[in-house]
Every structure is written in structure tokens, then in C-alpha cells.
Amino acid sequence: MAVADVAHAGAHEPHHTSTGLNSRKMVFWAFLGSECMFFGSLIATYLVYKGRDSVGPHPHEILNIPFTSVSAFVLLMSSLTMVLALAGVQRGDNRATKIWLAATALLGMMFIGGQCYEFTHFVMEGLKLQTNLFGCSFFVLTGFHGTHVTVGVIWLWTLFVQASRNKLPKEKALDVEIAGLYWHFVDVVWIAIFTLIYLLQ
Amino acid sequence: MSETTHHAAEEGHNHPGAKQYLGIAIVLTLITAVEVAVFYIPSMKPMLVPTLLSLSALKFALVAMFYMHLKFDARIFSWLFVVPMVIATFVILALLKLFGHW
Numbered sequence: 001m002a003v004a005d006v007a008h009a010g011a012h013e014p015h016h017t018s019t020g021l022n023s024r025k026m027v028f029w030a031f032l033g034s035e036c037m038f039f040g041s042l043i044a045t046y047l048v049y050k051g052r053d054s055v056g057p058h059p060h061e062i063l064n065i066p067f068t069s070v071s072a073f074v075l076l077m078s079s080l081t082m083v084l085a086l087a088g089v090q091r092g093d094n095r096a097t098k099i100w101l102a103a104t105a106l107l108g109m110m111f112i113g114g115q116c117y118e119f120t121h122f123v124m125e126g127l128k129l130q131t132n133l134f135g136c137s138f139f140v141l142t143g144f145h146g147t148h149v150t151v152g153v154i155w156l157w158t159l160f161v162q163a164s165r166n167k168l169p170k171e172k173a174l175d176v177e178i179a180g181l182y183w184h185f186v187d188v189v190w191i192a193i194f195t196l197i198y199l200l201q
Numbered sequence: 001m002s003e004t005t006h007h008a009a010e011e012g013h014n015h016p017g018a019k020q021y022l023g024i025a026i027v028l029t030l031i032t033a034v035e036v037a038v039f040y041i042p043s044m045k046p047m048l049v050p051t052l053l054s055l056s057a058l059k060f061a062l063v064a065m066f067y068m069h070l071k072f073d074a075r076i077f078s079w080l081f082v083v084p085m086v087i088a089t090f091v092i093l094a095l096l097k098l099f100g101h102w
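Chains as they are written, first to last, in the working numbering: chain A, 1 to 201; chain B, 1 to 102.
Keep in mind that the hints are not guaranteed to be accurate.
[Stated by the list, open to error] Below, computed lysine-lysine pairings styled on BS3-like, alpha-carbon distance capped at 30 Å:
| # | chain 1 | residue 1 | chain 2 | residue 2 |
| --- | --- | --- | --- | --- |
| 1 | A | Lys-172 | A | Lys-25 |
| 2 | A | Lys-128 | B | Lys-97 |
| 3 | A | Lys-167 | B | Lys-19 |
[To be verified] To spell it out: a stretch of chain A is covered by chain B in this simulated footprint if at least three of its residues, at any positions, have a beta carbon under 8 Å from a beta carbon of chain B; those stretches are:
| # | region |
| --- | --- |
| 4 | 38-46 |
| 5 | 65-73 |
| 6 | 78-90 |
| 7 | 185-199 |
Keep in mind the hints are simulated off the structure, nothing from the lab.
Note that CB positions come from ideal geometry on N, CA and C, so glycine has one too.
This is chain A alone, in the form it adopts within the complex (with noise of 0.2 Å):
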């Protein structure tokens, strides 16, 4: 198999390493793995504090299950769309790949406007960063996580404008691969959060 053809079949850049895989995915899948770590110690100190606030709002006071079982929708079908326009790009249907990352970052959107109006919402009911040990952890658990998908929002549209302008060809689709892992890692994470802290009270 000639390189060219190689760096088509899998958008991998024909360069030589020495395990033969690209660098940018393996060091990106080793920032998943430090991610795991760090989202995995902000779980931790949730739990640890859970159930030892003696004043309120306590979780089951105010956590809206609905709510955000329809913002975990939300972010699993932004998965979808991801892998749709990276499907897109790999086979170079330009069209396709826009219209699946506009609409990946658009479900990100709605996410982040859910998760605005949830924060405000808690506020208003008195639960603030400083309020007890659960609004600290809570707030910084899910600002993280908000933040790392607003990030991602800023990805997708960056890639978006590349495909707008014709700059994102089938042989780039490692690009799109690469925000696509964020992506996912974002919603796993947020698989995580949703079960830990919403359901698991």
C-alpha cells in the first residue's frame, strides 16, 4: 500500500513514527486519559462531601430529574452528529460535514443554555458556591464540565468555518476525529455525572 494511500484510508498524515501510529492521536488519547483523572477527582470530592451539609438546599430539594434527563439526551445526540459529520468528512462530503457540525455544536449550545438556566435557577433558590459543601462541589463538578463543553461549542465552530471555506478536505478528517474524541469525552463524562449526582441522590 503506497503512503498516499494510507493517509487517505485513515486521514492520517503519512509521517514516520516510531510505533507506526500518529502522535497527535496518541498524545491526544493520553490528554483523555489525564482528563479522566481530573474530572475523576472532582467526582471524588463530591461524593466524599455528600450528605454532610446540615444546612440546605440538599440535592433532592432541588435537582430537576426531568430537566436534565433531557439535557443528557441532548449531549448523546450531539454524539451522534459528531460521528455523522466526521463520517462526512472521511468520505468528503463537504455539504454533509457542515450540516452534521453545525449541528453538533448547536445540541452543545443547548446544553450550555440548559445548564444557565439550571445554575440561575439554583441561585435563585438559594444555592450558591459558598453555600454548603454540596453547592461548592456541585457547582464546580458541573462548571467544569460546562466549560470543557463550551470549549468544545468553540472547536466545532472553528471546524465548521474550515468546512465553509472549503479548507477541510477527506485528507484533514484526522481534524475532525481529534474534536470528536473531546466531544465524546465531554458526554461520557456527563454519563457519569448524570448517574453519580442526579440519580444516585
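Mind docking chain B on chain A? Use the hints.
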């Protein structure tokens, strides 16, 4: 096939198609619906924790394997992701034990 080519092929150029992606999305949606339903069923209370943790782990695995392509890519990517995740899980369990949660 050269080593480089072999690894490039290993990196997973047989990613799933749109139909399989859609199928996974439907399964993920159904699991989420079951999770929320289980939360509201009073008779499920004794089994709530293991049920929800299992369903959550299943969703996590489906996204990682099919959407993040770990099932199709080189094995080292899985190790780079799973090892820190196991360490993080161990840290969570150790801290819960240390602070007397179980």
C-alpha cells in the same frame, strides 16, 4: 505489508457506518429512558445503585467503543484511556472508604 502500513490499518479504517451509529444512538436513548424510569419506580429502590451503575457503565462503554472507535483502533489507545480511568475509579473508592461512606 510494512509495519507502518499495518499499524495504520490497525488504527481503524473500518469505522462503523451511519446505520450502526444510529443503532447505537437508539440503544443509548433507550438505556437513558430506562435509567430515569428506574429512578422513579419505588420497588426498584433496593436495586437502584447497582442497576444505575451498570446501565451507566454500559452507556459509557458503548460511546467509547463505537463513537470513539476504541473497538476498531489500535489497542494502545484503549490502554491510554482505560488505565487512568481505573486509577480514577480506585481513587474515588479509596476516598469513599477513607471518609467512612461504606
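Evaluation of the provided hints:
no. : hint                     : verdict
1   : Lys-172(A) <-> Lys-25(A) : holds (13 Å)
2   : Lys-128(A) <-> Lys-97(B) : holds (28 Å)
3   : Lys-167(A) <-> Lys-19(B) : holds (27 Å)
4   : 38-46                    : holds (count 5)
5   : 65-73                    : holds (count 5)
6   : 78-90                    : holds (count 8)
7   : 185-199                  : holds (count 9)
Consistency note: the structure conflicts with none of the earlier hints.
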